[in-house]
Amino acid sequence: MLKLVTHQSERDDPLQESSLDSLLQRIATSDQRAFSELYDRVAPRVLGLIKRLLVDHAQSEEVAQEVFLEIWKTAAKFDTNKGAAMSWILTMSHRRAVDRVRASQSGHDRDIKIGIRDLPQEYDHVAESVEIRIEHERVKKAMGQLTELQRQAVSLAYYGGYSHSEVAEMLHVPIGTVKTRLRDGMIRLRDEMGVTS
Amino acid sequence: MTKDVDYLSSGAYALNALTPDEARAFEQAMRESPDLATESDDLLETAVLLALAATPVEPSAGLKSSIMAKLAETAQDAPLTPSLHSMPNVAAVPLAEGLQAGQLETAPASPDAAQAEPLTAATAKAHSRWFSRPVGALVAAAAAVALFVGGGVVGSAFMQNTSSTSQQAAASSLAEIYAASDVESTHSTVNGGGEATVLWSSKLGKSAVVATGLPSLPSNKTYEAWYINGSNVSPAGTFTPGGDTTTWHVLTGTMTAGDTVGVTVEPAGGSQKPTTNPILAVPSVI
Numbered sequence: 305m306l307k308l309v310t311h312q313s314e315r316d317d318p319l320q321e322s323s324l325d326s327l328l329q330r331i332a333t334s335d336q337r338a339f340s341e342l343y344d345r346v347a348p349r350v351l352g353l354i355k356r357l358l359v360d361h362a363q364s365e366e367v368a369q370e371v372f373l374e375i376w377k378t379a380a381k382f383d384t385n386k387g388a389a390m391s392w393i394l395t396m397s398h399r400r401a402v403d404r405v406r407a408s409q410s411g412h413d414r415d416i417k418i419g420i421r422d423l424p425q426e427y428d429h430v431a432e433s434v435e436i437r438i439e440h441e442r443v444k445k446a447m448g449q450l451t452e453l454q455r456q457a458v459s460l461a462y463y464g465g466y467s468h469s470e471v472a473e474m475l476h477v478p479i480g481t482v483k484t485r486l487r488d489g490m491i492r493l494r495d496e497m498g499v500t501s
Numbered sequence: 004m005t006k007d008v009d010y011l012s013s014g015a016y017a018l019n020a021l022t023p024d025e026a027r028a029f030e031q032a033m034r035e036s037p038d039l040a041t042e043s044d045d046l047l048e049t050a051v052l053l054a055l056a057a058t059p060v061e062p063s064a065g066l067k068s069s070i071m072a073k074l075a076e077t078a079q080d081a082p083l084t085p086s087l088h089s090m091p092n093v094a095a096v097p098l099a100e101g102l103q104a105g106q107l108e109t110a111p112a113s114p115d116a117a118q119a120e121p122l123t124a125a126t127a128k129a130h131s132r133w134f135s136r137p138v139g140a141l142v143a144a145a146a147a148v149a150l151f152v153g154g155g156v157v158g159s160a161f162m163q164n165t166s167s168t169s170q171q172a173a174a175s176s177l178a179e180i181y182a183a184s185d186v187e188s189t190h191s192t193v194n195g196g197g198e199a200t201v202l203w204s205s206k207l208g209k210s211a212v213v214a215t216g217l218p219s220l221p222s223n224k225t226y227e228a229w230y231i232n233g234s235n236v237s238p239a240g241t242f243t244p245g246g247d248t249t250t251w252h253v254l255t256g257t258m259t260a261g262d263t264v265g266v267t268v269e270p271a272g273g274s275q276k277p278t279t280n281p282i283l284a285v286p287s288v289i
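Respectively, the protein sequence lines represent chains Y and E. In case it helps, the numbering used here puts the first sequence at residues 305 to 501. In case it helps, the numbering used here puts the second sequence at residues 4 to 289.
Check before you lean on any hint, since a few could be wrong.
Said to hold, decoys possible - Only pairs whose alpha carbons sit at most 25 Å apart, straight line, appear in this in silico PhoX-like list of lysine-lysine:
#1 E:K276 to E:K224
#2 E:K224 to E:K73
#3 Y:K377 to E:K73
#4 Y:K381 to E:K73
No lab work stands behind these hints: they were computed from the structure. None of these values were measured; they are calculated from a predicted model.
I would like the entire structure built from these sequences, with the hints used as guidance.
Encoded structure:
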């Protein structure tokens, strides 16, 4: 199973601070100190992802709180064999954010064009670290390999939090077409970014 | 057989773009097809790379303390182990017998699972009980780990004479200290058994003792915390270890810079001045 490179190296280096995986193991034993450290390390990324979908800062913090309490609650079920801690946390964050988008009226009220308009700007924000800049570059490059139609569909679904039927409506194409674009787009991204089992 | 239509959904699934019903159907299809599961896992990992490309956003200062304050009240799930179901109520019987016999048995501290080992079903259960704190369950958990029998000291700092509001307040205080920007801590062994971490925030003027493996005490004794500054010794609250392996106490009163945090064993109810030698004394300056 794939492990993200950044966390692989972190885990392998004994001089580094504790790995996120080992922090999760300690959190599973009710270690609040470990939780505090994990929070400090991942909160900006968790909140950054959620805010990308929800836009509103206060709402995004509410969802981030749900995510962190879920981490606390379910840390014992985290399985290192199934992937890196960061993947687990961000996957959970995205799900929660999407749930909120779908549940709240604000989701439907959002200007449906925001998703599209924001796309090219996504990569122009000031990156806060070399690591994040590199991630941006990798994703930007890989996204550049998609067709325009694939890129739109993937970005609307992932960063916009739209369901396939909403994306279909926005792009005036059948749902089956959207599903195909999402799958083809994700497979292309997977290959471009070297994600393999 | 995996149908093409299932494969068709793998991208949408990874991006959380399916409806809940469709997602469930897709997960069922994954269970039946290793190939589909592999593709799906890969695409989920690919989606994480999209997550990593989102610009990080600094949370407000209040978010962390708000979350930390809720931890103690949030029950944790047990890990997925089959032995969970074999966690019985064994404990109730010996405990009851012990109480009836009026034994005053100070069992050796059991530096049990919670810290070092991976979480077992038993400790997980104990933890979730700890945090939900139903009295009966806590008693059972206490006896299950065989910390002590009898003496009537089945309480924890939270259970004796404390309302649930003050429990929550204490949990919030502990979380507040953990969340403080200037939090410091020192780990040391306790005279007589166990280990303790003292943590404090000078900004907040608060400190707490978090101990594991602290020996339980007979009912006529209690642990008492102190702020010690030269010859100035102020009582900072009493506490007794719960049945769990971890006991924590947020000191009452205000810590001032340079205070030593001490713990002694005192007669039940506590003392105004220490009557025994400290089993723990930690200066708040490193």
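Exercise. Straight-line Cα separation of K381 of chain Y and K73 of chain E no greater than 25 Å?
Worked result: holds, 20 Å
For this session: Given the hint that K224 of chain E pairs with K73 of chain E, test it: the Cα-Cα distance must not exceed 25 Å.
Result: Distance of about 31 Å is beyond 25 Å: violated.
Exercise. Is the Cα-Cα distance between K276 of chain E and K224 of chain E 25 Å or less?
Worked result: holds, 15 Å
Exercise. Regarding the pair K377 of chain Y and K73 of chain E, is the alpha-carbon distance no greater than 25 Å?
Worked result: Given pair K377 of chain Y, K73 of chain E holds - Cα atoms ~11 Å apart, limit 25 Å.
Comparing the model with each numbered hint stated earlier shows that hint 2 is the single one that does not hold.
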